[in-house]
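A.B. asks: Protein sequence lines, in the order shown, are assigned to chains A and G. Under the working numbering, the first residue of the first sequence is numbered -15, with each subsequent residue one higher. Under the working numbering, the first residue of the second sequence is numbered 10, with each subsequent residue one higher.
Hints listed in this document are in silico derivations from the structure and should not be mistaken for laboratory results. Not one of these hints is a red herring.
With a Cα cut of at most 30 Å, we get these calculated DSSO-like pairs of lysine-lysine:
| # | chain 1 | residue 1 | chain 2 | residue 2 |
| --- | --- | --- | --- | --- |
| 1 | A | K103 | A | K43 |
| 2 | G | K89 | A | K135 |
| 3 | G | K169 | A | K166 |
| 4 | A | K103 | A | K14 |
| 5 | A | K134 | G | K89 |
Note that the structure is a prediction, hence the values are computed from the model and not measured.
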Amino acid sequence: MPAIRIHLIGLSIIFGFILHTPVHAAAPVKNPYLKMLVQQAQQEQLSEKKSWRRLGHYKTNLFNGFTSEADGRAFFIAPNGKTDPGAELAATLKSFFKNPENLQGKAEHPQCNFPARYKWLKKELAFDPRQLPEQPCVRLQNWLKQLDSKKITLIFASSYMSNPASMFGHTLLRIDSDHLDKRGKLLNYGVNYAANPDTTNAVLYALKGLVGLFHGTFTVFPYYIKVQEYSNWESRDLWEYELNLTPDQVNTLLLHLWELGGTYFDYYYFDENCSYHLLSLLEVANPELELTDQFFYSVLPTQTIKILMEQEGLVAKVEYRPSILSRMKSKKEKMVPEEKQWLHRIVDDPELVKNKAFQKRTVPSKALILDSYLDYLQYIGMQREKENPDQPLLISHSILLERSRLKYKQPNQKVIAFSTRPELGHGSDRVRYALGLNDDELFQEIGYRPTLHDILAKDLGYGKDSQILFFDLKLRYYYESKKYRLYSFRLIDIISLTPYDPIFTKPSWKLNLGFYTLPDIDCDHCNSFKGNGGYGYSYKSSRQSPFLFFAMVDVTGETSGHLEKNYRLGGGATGGVLIDFTEDWRLQISGDYKRFPLGHESETYQLSVRQRFSVAQNLDLRLEYRRIEHRDEGIFSVNVYF
Amino acid sequence: MKKFLLVGMMFLATASFSNSVFAAGYGDAGCGLGSLVFGNEGGPVQVLASTTNGTFGSQTFGITTGTSNCSPEGLVMLDKEREIFAQKNYSSIVREMAVGEGENLETLAGLFGCSQDTRNEFGSLVQDNFGSIVTSDTTSPNEMLIHLQSQLANHATLSKSCVAVMG
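Just chain A, with the same shape it has in the complex (with noise of 0.2 Å):
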């Protein structure tokens, strides 16, 4: 939070010292018509208004005043324009009067630099031009030229297989261009905002994200690198929401890109991260837009798509862009089982395809099963590209020429959308009231926790069958006993379950760490610290089958004071079933044997039985049972997402 920035500041300054040239702002102003437009902007009252804080990136900072989000020291002319919005905008003034004989080397003169600062105080001061001399900016205008925007749509990548974390989520802009768009959307543009790491140790990965060590950048490359990594390598569905901007205000936004591309700024994993840079893009270039003021602590780029779509008329149009294992799945649909078959046997012998029972079924069969193994041999070679750079054709050649034989073309392209429109799912926080009776007492919880999804709440928008909880936190009290206890505080608990398919043959698996109530030790709701893990299989017969089977091995250890030896180690297995009756209703049942061999020597059983059923898209409610050992416990609770 703020503590950790403000040192974080100062580093950036003396790391911005050594690679700026610094401009003399504070030099007297000579120049008549300067020293008018500067005593005008402070009559206006320029530096307060809202265009020119969006334009430097200038939030309140703890001390009531100023500080600048950007952190490369390039982005300001005055040597305290990161703090000094005022000083900031005189010095901007200054430096557009710069005599352009005086530059030095390729640098470009400050009004080709601060194109969008240029535009706003020009309309704002209604410059002269005979006595402030516009500029030629010739890299500027080439590259407005060849981007030749008139749109702008914010990009969501949704998440991708047996990868709960994924469900995050990641968000980009396209500058959709008018003659690009004529020779295909592929050829647009992708505005990215991304840390650039300087690491690839996960650990040290995760903690200079978190405390802003990295720099943030925008990047802009064509739109089809960003397609190929997403939706053909990951295989993510891709959510394009199409702005309506003007074209004057599509402009801002482009001329304040041009800015930022010299600059940086200290990444945060939470707060300043893709979304939230994107979305203080979109204010400047209206600045009637209230985006980025919503966020407390942490932005998700779920979040700003809702936010999108809470802004009227913002949002003009929604498309699906499918993954590759979308696409595939979806000729999987349109399969009779024979097909299905022919295609798994494919997958296991390529061989097959010149086999005289398959040569004889019909071209259009042929066709769609090709196809579907075609889909599944890009994804297979773009996966293996790194082991065989030397092979530029990813993809067999004698199955493509085998296809390409039948000449044939699918008549019915349709692809059923496989993941769901992130602004219609449950918020990320959730808070949880329940009451509960167990065999002796009558007892309350209230839970929160702050991210994300857990596996029986509705999956719309999220990832199917899968869980990610951080930090959930629950509170009993015992009304008999009168006891307020610390039910349990899960730090982590990730599930991803994966429909066991021939072709992919992904396991499902589980991890969560964190402090648990002792369940089979007479203690008083003591608690203890645990982790687990486990892996297994999972089973769906079809896709609209609404039972899940699920079933695995897990390994436990468990510390505390209340075990003798203070630990316990063991393993166990557990399986169920989970039911969707409608989307709104869903249904778990489960079992769960550990045994404990080494430390406190014991075993637990558990059975459970669990319901949801969504009342709205922020509120479920949640009826569930649990027998451990001889205990049983039943809760009602309410759950409301926010």
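Start from chain A and add chain G according to the hints.
C.D. replies: Chain G alone, transformed into the frame defined by chain A:
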């Protein structure tokens, strides 16, 4: 306070998945405005890790560092557009050629200047002549383009409607 909680959360998350969404993966770079791409070698997008777009006078080195495919403004060189597109989308293009249709194929047709109404014809041409356009497992994107170019030039109608085909 929340941030400290989140520290732990991130630590756990990233430690748990080496391939997690948080870890920067493939191709997190682009042309211009920050970092520059497009090495001439195959494989995934190559990052040349230049940290500039030359917007500011003090940072011009990136422009001259291995970025022959980028314009001075940091966008794709217009005369290289087709080659770069073919190279970066090669798997998608060859698959769609065999299938006879698809977005990448349509985009490639667009890059040959073919008019919208000939996309279907373009698809049939590349499907019917797939074996002579992509001749083997080792055909490179540039070889594919050369073969495609001559197929288009010899086609009765496409040679006329695809304005960027050099006869």
